[in-house]
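**Q** These protein sequences, in sequence, are chains A and B. Adding 522 to a residue's 1-based position in the first sequence gives its number in our numbering. Adding 152 to a residue's 1-based position in the second sequence gives its number in our numbering.
Calculated directly from the structure, the hints in this document are not laboratory data. Yeah, the Cβ is synthetic: ideal placement off N, Cα and C, and Gly gets one too. Warning: the hint list may mix true and false statements.
[Claimed, not checked] Okay, the calculated bits of chain B under chain A, using three or more residues with CB under 8 Å as the criterion:
no., segment
1, 183-190
2, 194-206
3, 209-217
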Amino acid sequence: MIDSIRFSPHLLSVLAALLEEPAEWRYGYDLSRETDLKSGTLYPLLIRLAERQWVESRWQHAEENGKPRHMYRLTAAGRRAARDLLHEQAKRRALKPALQER
Amino acid sequence: MPFSFFSEHISAAAWRALEHAAPEELKPWADAMHAELDAIEAPSARLRWTCGCMWALAKTIARQRVMKLGNERPWPVTLIAIYFSGFCCELVAVLGSQLIGHKIHASWSEAAFPVAFCFMLALLPGVIAAGLWLLDNAARLMGIFFALAHGLLNWAWMNQPSVGYRTITLLRIAADILTLLLLCHPAVRRAFQQQRIELRLGRASHT
Chain A
523 MIDSIRFSPH
533 LLSVLAALLE
543 EPAEWRYGYD
553 LSRETDLKSG
563 TLYPLLIRLA
573 ERQWVESRWQ
583 HAEENGKPRH
593 MYRLTAAGRR
603 AARDLLHEQA
613 KRRALKPALQ
623 ER
Chain B
153 MPFSFFSEHI
163 SAAAWRALEH
173 AAPEELKPWA
183 DAMHAELDAI
193 EAPSARLRWT
203 CGCMWALAKT
213 IARQRVMKLG
223 NERPWPVTLI
233 AIYFSGFCCE
243 LVAVLGSQLI
253 GHKIHASWSE
263 AAFPVAFCFM
273 LALLPGVIAA
283 GLWLLDNAAR
293 LMGIFFALAH
303 GLLNWAWMNQ
313 PSVGYRTITL
323 LRIAADILTL
333 LLLCHPAVRR
343 AFQQQRIELR
353 LGRASHT
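Between the sequences and the hints, there should be enough to build the whole structure, so can you do that?
**A** Laid out in structure tokens, this is it:
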């Protein structure tokens, strides 16, 4: 059985949030507030994105700002995939009203 | 006592439990989620974050276990193995109820062999289930034969005059046909092909 990641609206919102500033490292709590996703939804998505190597992570160094925190950003492959998926989503959204009018 | 006192204690207990229960490969993620607590001020939000993280880890562990199951054997094989196991349990339970309910009136010297034989037959689906779980091709062939025999028996039973339980019998025949089709499916057959064994010769030891 292949783990086919489901491209749910939650996943797309996480990818969109990470794609806003692709080079910047983001904290988990900040992503949670931005996407309005609870930790129980956000972290399974981040884990699966990391397994697919679409997201990389690192620990913030303790000397920078107190206790270390885990940070995330999209990899190059992740950025490409995110752009493609969000582009597809936008196309589908544009088609929907046209189909409904018919 | 304020809510924050309880919520902090509950959170701390939950994180200790998570550290203990999380598998090795997920411990870094558990640490990452825990580290975010310092950025959350409100006690209720910290407790919600903690509960969410426990749910996240439970979901991930369950998903990884299901994936592992699927990687090792196709899901139809898992389903059929569970079906055969259930069938075995049902047959053993029926036999057991006959013995416990004193429904066998013959003497033990006369009944011992038939009872033992019936138990062996009742265990047959369980043995097939175990073989399917281990991806043994002989078990797959036995499963096909068993499903065929069971389906034909049920068909003969249904064609008896004034027989009950027709719906259940039809469902069982349908289950047997489905089992046959799934066990004969090319993707399932491939999973039962024997793995090549690679032999590697080590260095000879010097005495």
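**Q** Counting residues of the segment 194-206 of chain B whose CB is closer than 8 Å to a CB in chain A, do you get three or more?
**A** It holds, with 6 qualifying residues against the three required.
**Q** For the segment 183-190 of chain B, do at least 3 residues have a Cβ located nearer than 8 Å to some Cβ of chain A?
**A** holds (count 6)
**Q** Please count how many residues of the segment 209-217 of chain B have a CB within 8 Å of a CB from chain A and say whether that reaches 3.
**A** holds (count 4)
Comparing the model with each numbered hint stated earlier shows that all of them hold.
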